[in-house]
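Trainee: Below are the chains, spelled out letter by letter.
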Amino acid sequence: MEGITKRSKRFLESRAPKLIEDVKTAMIMKGGNTSQTVTQALKDIVSSNITRPFEDSTSLEFFSKKTDSSLFLFGSHNKKRDHMPNDVCVTVSFVLFAGRLFDFHVLDMIELGIEKYVSLSDVKASKCPEGTKPMLVFAGEAFDTDNEHKRLKSLLLDFFRGPTVSAVRLAGLEHVLHFTALDGKIYMRSYRSLLKKSGCRTPRIELEEIGPSCDLVLRRTHLASDDLYKLAHRQPKALKAKKKKNISHDAFGTKFGRVHMQKQDLSKLRTRKMKGLRKRKGNVVAEEQDGQAPKVAKEAEHTE
Amino acid sequence: MAACSVEALLAKAEQEEAEKLKSISVQKELDLEFDIGNLLACDKNRIDLREFREQKKEDFLRSLARDNTQLLINEIWKQPTERVQEAIVVKLPDPATPLPREKPPPKAKPPTKWEQFAKLKGIQKKKKTNLVWDETRVAKNEYNRLKNIARAQKGKVPVMGLATSTQQSKEELSLAVSVAKTSTASAGRFQDRLPKEKAPKNMGKKRKFEPLIGDFSNERHKQLELLKLMDGKKPKLDITKAVNKQMREEDREEAAAKYKKRAGKKGRKGGNMSGKGKGKGGKGGKGKGGKAGGGGGGGGGKRRGKPGKH
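Sequence lines, in order, name chains A and B.
Just so you know, we're using UniProt numbering here: the first sequence kicks off at 1 and counts up by one.
Just so you know, we're using UniProt numbering here: the second sequence kicks off at 1 and counts up by one.
The reader is advised that the hints may include incorrect statements.
[Stated by the list, open to error] To spell it out: a stretch of chain A is covered by chain B in this simulated footprint if at least three of its residues, at any positions, have a beta carbon under 8 Å from a beta carbon of chain B; those stretches are:
id : segment
1  : 127-137
2  : 163-175
3  : 180-190
4  : 225-237
5  : 252-266
Keep in mind the hints are simulated off the structure, nothing from the lab.
Keep in mind the model is a prediction, meaning the values are calculated, not measured.
C-beta atoms are modelled at their ideal positions from N, C-alpha and C, and glycine is treated no differently.
Take these sequences, add in the hints, and give me the full structure.
Mentor: Below you can see the structure in the form of structure tokens.
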């Protein structure tokens, strides 16, 4: 690596694996024959940030390396000709391929058919400012029971969650993305949340639909094997939260601490205050009596 | 009677509470799972297909979304809040859902040659200590910074006597004039004067040296005078004259200090310090002015008690 400038070094460092990773960037691509709808759909999903529309022939992984993005969205539309005995049917389907990469190799890829699509411009409502971190809601049993849906949920979370922040402006919690898995379809709706007075500290929520919204159908999937998936989740040791020794929590959340003491001579323990037994200088005789008194006191305590 | 009214009151209070909470409470069979760090909520409740088909799809979805969002907001509002620059901000916990990484975690680099050596020798990395706060430097830096700004804007660079833009006194202005006059290569000896202007008294003390080999008689005379002086019992210094001079100087200083206080400036006028004893003050210090003035006053106060030591 001779002759590397500081600038190029910084560039390479930014692409190298890091302990704590940056926000994932997504590549949005158009396939060979994309229609207006698909383009619109792609545009809407990332508002004004389409990285670049590429042609069919380019390789996904090559461009992931080029743009240092690990998420991708690839849209196209297929015209299928079904040759029936008497007729020729053409079914046009709009397809979205959503996926992510690990180490520049495809980790998961899911094909989604777009059945209904309403774009941003079709919905007449004031939109949320760009860049607001959206609230995400997944509804429906499938997201918890079906493996493919579970992966889809994880993928959608990766796509839409935005940068991880430590704090959020309460007034800025405006955008809600709601995914409902129902009846074999996945309904994605986008709302603007209005915080209304409720009489108590927590506001009442009213929703106003903003675009875009789509009805998706899960088609083919290319999911990573469990091993690869596990490998992709491996976190560097440095990130693991250091456990504080001798502190434990019980079911109620009470914090317990453990104090280690040196060995005590229990025969010398004084459990009751008796003035006569107080240590005085040079009083050795009293010590022997102490040996018996505490034991008596203890028993008395038990009976109490 | 009293008991009835108390009960009634309690019942009423309960009702009011319930009313208040009604607007934000949502009934669900199963509680939602939350990941507040990601602003995520998962609703695992079964969705009634019949209801969905009966109602208008969008309305059904919207009401479901509203309920779930309400629950999520309720959960978010439980988090600690703080105020950051006019906005109330809620602190989020770390994201709980594990998501795959972009790239595998970085491998530990082998220690470099220096690192190996340092480890072997037990050398520890020493952090450079922070610089100590130095007020005189700070003042000087500030003055220079302002000068730079003025120069950059091609504006008037504040001259030593005229740093303040408010009304100057007659003395200050005359001092500024004299300073400007003497800031020439020949220390102001060849500067033109206004018709009624008086010749400056301290005409730039340029020393004149006698030639090396010149007037022998003069030189001899001078040497003898010197020896006589050294021999003589009478001290060269006239004590009363010196004391009077010192006292006059101190009075002048005090008057200047009082004037300074009245004017309210931070001792930007270096002018009221006599050039002789207070060389430091004369040279550098708009910022030092106040300090040196105070120091001079303090020093003078000390000397008052011991005039004989001179």
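Trainee: None of the hints should be skipped; say for each whether it holds.
Mentor: How the hints compare with the structure:
Judged by the Cβ-Cβ criterion of 8 Å, the segment 127-137 of chain A is covered by chain B as claimed, because 5 of its residues qualify and three suffice. Proximity of the segment 163-175 of chain A to chain B, defined as three or more residues with a beta carbon under 8 Å from a beta carbon of that chain, is established by the 9 residues found. Using a Cβ-Cβ cut-off of 8 Å, 5 residues of the segment 180-190 of chain A lie near chain B, which meets the minimum of three, so the contact claim holds. Closer than 8 Å: that is the beta-carbon criterion, and the segment 225-237 of chain A has 7 residues meeting it against chain B, so the requirement of 3 holds.
As drawn, the segment 252-266 of chain A meets chain B at 0 residues by the rule of a beta-carbon pair under 8 Å; below three, the given contact is violated.
When each numbered hint is compared with the structure, a violation occurs for hint 5 only.
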